[in-house]
Amino acid sequence: MRQSRRFPRRRVWSVIALPTLLCALAACTGDPAAGGDSAAKGGPAAGGSPTPSGPPGTLFDTFHYTGPDDPNLAAHGWQVREGGGGPGIKDTWTTAGASFPEDQSAKGGRALQLRSTTDGTKQGTKQVEVQSTGGNLFHGTFAARIWFSDKPSSGRTGDHVVQTFFPISPEDSSANYSELDYEYLPNGGWGAPGPKLDTTSWFKADPPDRVTHAVKQRLEGWHTLMVTSTDGKAVYSLDGKELFTSSDKYVAREQMDIHFSNWFIDLLPSVSGPRSWDMKVNWFYYKADQALTAAEVQQTVDGFYGAGTDYVNTLPKNP
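In terms of our numbering, the sequence shown opens at residue 1 and continues consecutively.
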């Protein structure tokens with residue numbers, strides 16, 4: 001079972017373009033997934049995407065950006081982590097591992113790529129994480145299409161790498177701490193063999209208080225991961241198949257951010273030479289206050305892609 005996420009996750013807030021926010025929070029009448037035409041009527045946003053309007057309570061992104069320094073990435077509420085802290089190999093986070101290459105296996109032909117590298121030394125290790133910065137995701141449906149890797153894209157295998165997708169409280173010390181995790185460990189870790197996919201709901205990070213469930217199977221390739229957080233329970237599903245449900249105190253208790261992260265549990269100098277591990281994110285979709293089925297999520301996502309919509313944000317802005 002994974003370690004506690006003990007690190008200072010202090011915000012490095014980026015300046016968000018006011019026109020983009022106004023556009024994101026404006027007219028919410030048309031729904032491209034339901035055949036509406038508001039996205040088509042809106043003028044093109046920066047980066048060539050249609051105006052980010054759509055149904056209320058929606059966040060959707062296809063990650064069509066040029067790089068970690070693309071101003072649209074920050075304007076759309078994303079931050080690439082750098083600097084100190086854990087988990088994994090502390091103080092090895094870098095923006096260099098985040099890119100947005102063309103990918104013919106991805107829907108729409110592009111994806112967010114998270115590449116972490118190591119040579120078995122701290123000096124030669126770089127981890128990568130991309131997170132939202134709004135702190136306004138709470139009850140509803142969280143879904144993402146993610147590509148997991150079972151072997152490195154270069155170099156020898158064997159590393160205890162963790163490929164993750166999770167909503168989490170903005171502050172680890174919060175009295176209402178909330179975290180709902182997917183963690184894929186192709187080579188295992190913490191003394192447990194892999195491959196396995198851990199789903200874990202947290203009540204407290206320090207000392208750790210959580211419930212968890214492991215799916216022991218190899219998962220290289222694209223998968224749709226979902227968490228529905230409604231009605232006093234958190235339900236995890238993979239490609240439409242329910243995996244695990246937590247309830248009681250192991251549910252979301254406050255607003256959260258979403259994180260995508262690729263990191264190493266430990267250093268393995270015995271695995272000689274440099275190696276690179278890739279995780280990819282095709283799209284992310286959040287619908288507030290509704291527990292959707294996988295089919296409903298896919299229909300909505302297909303509608304956005306069909307309308308040429310790369311980004312939608314009609315969530316209320318936190319004060």
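Hints in this document: simulated from the structure, not taken from any laboratory. Hints may contain errors.
[As the list claims (entries may be wrong)] Calculated pairs, DSS-like style, for lysine-lysine (alpha carbon to alpha carbon, straight line, at most 27 Å): (1) Lys-90 with Lys-126; (2) Lys-241 with Lys-216; (3) Lys-233 with Lys-249; (4) Lys-151 with Lys-90; (5) Lys-233 with Lys-317; (6) Lys-151 with Lys-126; (7) Lys-196 with Lys-216; (8) Lys-241 with Lys-317; (9) Lys-241 with Lys-196; (10) Lys-107 with Lys-204; (11) Lys-233 with Lys-196; (12) Lys-107 with Lys-122; (13) Lys-233 with Lys-90; (14) Lys-122 with Lys-90; (15) Lys-204 with Lys-249; (16) Lys-196 with Lys-151; (17) Lys-233 with Lys-126; (18) Lys-107 with Lys-249; (19) Lys-151 with Lys-107; (20) Lys-241 with Lys-151; (21) Lys-204 with Lys-151; (22) Lys-151 with Lys-233; (23) Lys-122 with Lys-151; (24) Lys-107 with Lys-90; (25) Lys-90 with Lys-196; (26) Lys-204 with Lys-233.
[What the hints assert, rightly or not] Beta-carbon label-pair distances, calculated as ranges: (27) Thr-212 with Gly-232: 23 to 33 Å; (28) Thr-212 with Lys-151: 37 to 47 Å; (29) Pro-319 with Glu-82: 34 to 44 Å; (30) Lys-90 with Thr-293: 18 to 28 Å; (31) Asp-206 with Asp-302: 15 to 25 Å; (32) Ser-270 with Glu-242: 20 to 30 Å; (33) Pro-101 with Gly-240: 43 to 53 Å; (34) Thr-212 with Pro-71: 20 to 30 Å; (35) Gly-57 with Gly-158: 19 to 29 Å; (36) Asp-69 with Lys-204: 21 to 31 Å; (37) Ser-105 with Gly-188: 17 to 27 Å; (38) Asn-318 with Ser-270: 21 to 31 Å; (39) Ser-270 with Asp-150: 29 to 39 Å; (40) Pro-193 with Pro-269: 38 to 48 Å.
For every residue, glycine included, the Cβ atom is placed at its ideal position computed from N, Cα and C.
Outcome of the hint check:
| no. | hint | verdict |
| --- | --- | --- |
| 1 | Lys-90 with Lys-126 | 10 Å, holds |
| 2 | Lys-241 with Lys-216 | 14 Å, holds |
| 3 | Lys-233 with Lys-249 | 9 Å, holds |
| 4 | Lys-151 with Lys-90 | 23 Å, holds |
| 5 | Lys-233 with Lys-317 | 25 Å, holds |
| 6 | Lys-151 with Lys-126 | 17 Å, holds |
| 7 | Lys-196 with Lys-216 | 4 Å, holds |
| 8 | Lys-241 with Lys-317 | 33 Å, violated |
| 9 | Lys-241 with Lys-196 | 16 Å, holds |
| 10 | Lys-107 with Lys-204 | 36 Å, violated |
| 11 | Lys-233 with Lys-196 | 23 Å, holds |
| 12 | Lys-107 with Lys-122 | 35 Å, violated |
| 13 | Lys-233 with Lys-90 | 33 Å, violated |
| 14 | Lys-122 with Lys-90 | 8 Å, holds |
| 15 | Lys-204 with Lys-249 | 10 Å, holds |
| 16 | Lys-196 with Lys-151 | 14 Å, holds |
| 17 | Lys-233 with Lys-126 | 35 Å, violated |
| 18 | Lys-107 with Lys-249 | 37 Å, violated |
| 19 | Lys-151 with Lys-107 | 22 Å, holds |
| 20 | Lys-241 with Lys-151 | 25 Å, holds |
| 21 | Lys-204 with Lys-151 | 32 Å, violated |
| 22 | Lys-151 with Lys-233 | 34 Å, violated |
| 23 | Lys-122 with Lys-151 | 21 Å, holds |
| 24 | Lys-107 with Lys-90 | 34 Å, violated |
| 25 | Lys-90 with Lys-196 | 24 Å, holds |
| 26 | Lys-204 with Lys-233 | 16 Å, holds |
| 27 | Thr-212 with Gly-232: 23 to 33 Å | 19 Å, violated |
| 28 | Thr-212 with Lys-151: 37 to 47 Å | 25 Å, violated |
| 29 | Pro-319 with Glu-82: 34 to 44 Å | 27 Å, violated |
| 30 | Lys-90 with Thr-293: 18 to 28 Å | 40 Å, violated |
| 31 | Asp-206 with Asp-302: 15 to 25 Å | 41 Å, violated |
| 32 | Ser-270 with Glu-242: 20 to 30 Å | 39 Å, violated |
| 33 | Pro-101 with Gly-240: 43 to 53 Å | 28 Å, violated |
| 34 | Thr-212 with Pro-71: 20 to 30 Å | 39 Å, violated |
| 35 | Gly-57 with Gly-158: 19 to 29 Å | 44 Å, violated |
| 36 | Asp-69 with Lys-204: 21 to 31 Å | 36 Å, violated |
| 37 | Ser-105 with Gly-188: 17 to 27 Å | 26 Å, holds |
| 38 | Asn-318 with Ser-270: 21 to 31 Å | 47 Å, violated |
| 39 | Ser-270 with Asp-150: 29 to 39 Å | 19 Å, violated |
| 40 | Pro-193 with Pro-269: 38 to 48 Å | 21 Å, violated |
The earlier numbered hints that this structure contradicts are 8, 10, 12, 13, 17, 18, 21, 22, 24, 27, 28, 29, 30, 31, 32, 33, 34, 35, 36, 38, 39, 40.
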